[in-house]
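The sequence shown begins at 1 in the working numbering and counts up by one.
No lab work stands behind these hints: they were computed from the structure.
Everything numeric in this text was worked out from a predicted model, so none of it was measured.
Do not take every clue at face value.
Said to hold, decoys possible - Computed list of lysine-lysine pairs in DSS-like fashion (alpha-carbon distance at most 27 Å, straight line):
| # | residue 1 | residue 2 |
| --- | --- | --- |
| 1 | LYS288 | LYS184 |
| 2 | LYS173 | LYS243 |
| 3 | LYS252 | LYS206 |
| 4 | LYS184 | LYS198 |
| 5 | LYS206 | LYS288 |
| 6 | LYS206 | LYS243 |
| 7 | LYS206 | LYS132 |
| 8 | LYS173 | LYS184 |
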Amino acid sequence: MNGPDRQSGVAVPDGETLFRSLFGQVAVGIAVGSLDGRFLRVNEALCRLLGYGEQELLQKSFEDITHDGDRQASRDFQNELLTTSQSRVYEKRYLSKDGSTVWVRITGTLVRDRSGAPQCSVALIHDITEVKLAEEALKASESRFRRMVDMSSDWYWVQDENFRFVDLPGVEKRGLGQDVFVGKARWELPGLAPLPEKVWQQHRDKLERHEPFSDFVYVAADGKGEMRYLSVTGEPIFDALGKFKGYHGVGKDVTEKARGLKDLEDSEERYRMLFDIHPRPMWVVENKTLRFLAVNQAAVDHYGYSREEFLSMTAEQLRPPEDIAQLLKDFQDPSRSYMQRVARHRKKNGE
């Protein structure tokens, strides 16, 4: 029965009429259930969601179409609903008519009569399948990423929009707890070896531009106070609206590699020193062009050419014209790894 609204005088539909209208037209699934868990009424939206006809669903119980893994939780939810006057929300999996899994979020309410006795339940059923699939895909992606981190790097790190660390799984490998890092930017960390300000500034500028970076190397103390070479690679994080949220990336200890390069540099420096102070003339010649690549001081002194002049010349220019053919033959012989021969050379003064 309809009655007029006291303020407007407009006839207001009674509760049953409103319920029928909402029940049939909303895009959200609605189900009225008995106290023992059977469907009493279902709307078109729920039928479409599960692929059943209305009469088919009315022949089933809630449990009949509930995923095996969620049946106990569904029973617990139903029992909880009977003991409270509040609506309850939970998520579960239904099985549609074709056997596919449908994730839903259910808001359940118990309907009581005037005496307070339970009569039935009403459930609003939202399809959240796409959300759940996206969450599972993200978890799988993160799991794969973390496995890759474990295989290829020493630790994973996350920074907020102010470039301060918020999480560093695996950093304990360095003998340091996360408390040393959390809340600090990389350049604020304790135990850093000095780096040129220009280097840090270039790194900060890249962060401010929200650009990815790779293999940024710095030196810092580990938990034992030993200085270690660390290499970090990172990518910016953006939310669904494109707003910058921070950085995440990986780090690895490259101390042994760095020390190996340093040893190589030291070895090369020692070779250059011995090469330059050797009392006999020595040089390095490019095999194809015969161009001088390096000469020592003894060669400069003996032949009378400056170092710059030597580096603009080829080995042919030190030989008499009649010896050049043999010189070319010697250098073009692929079977020779070294060469020993008495040869005639000409100094700058013609001697």
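Consistency of the hints with the structure:
no. : hint            : result
1   : LYS288 x LYS184 : violated, 55 Å
2   : LYS173 x LYS243 : violated, 33 Å
3   : LYS252 x LYS206 : holds, 20 Å
4   : LYS184 x LYS198 : holds, 20 Å
5   : LYS206 x LYS288 : violated, 43 Å
6   : LYS206 x LYS243 : holds, 17 Å
7   : LYS206 x LYS132 : violated, 35 Å
8   : LYS173 x LYS184 : holds, 19 Å
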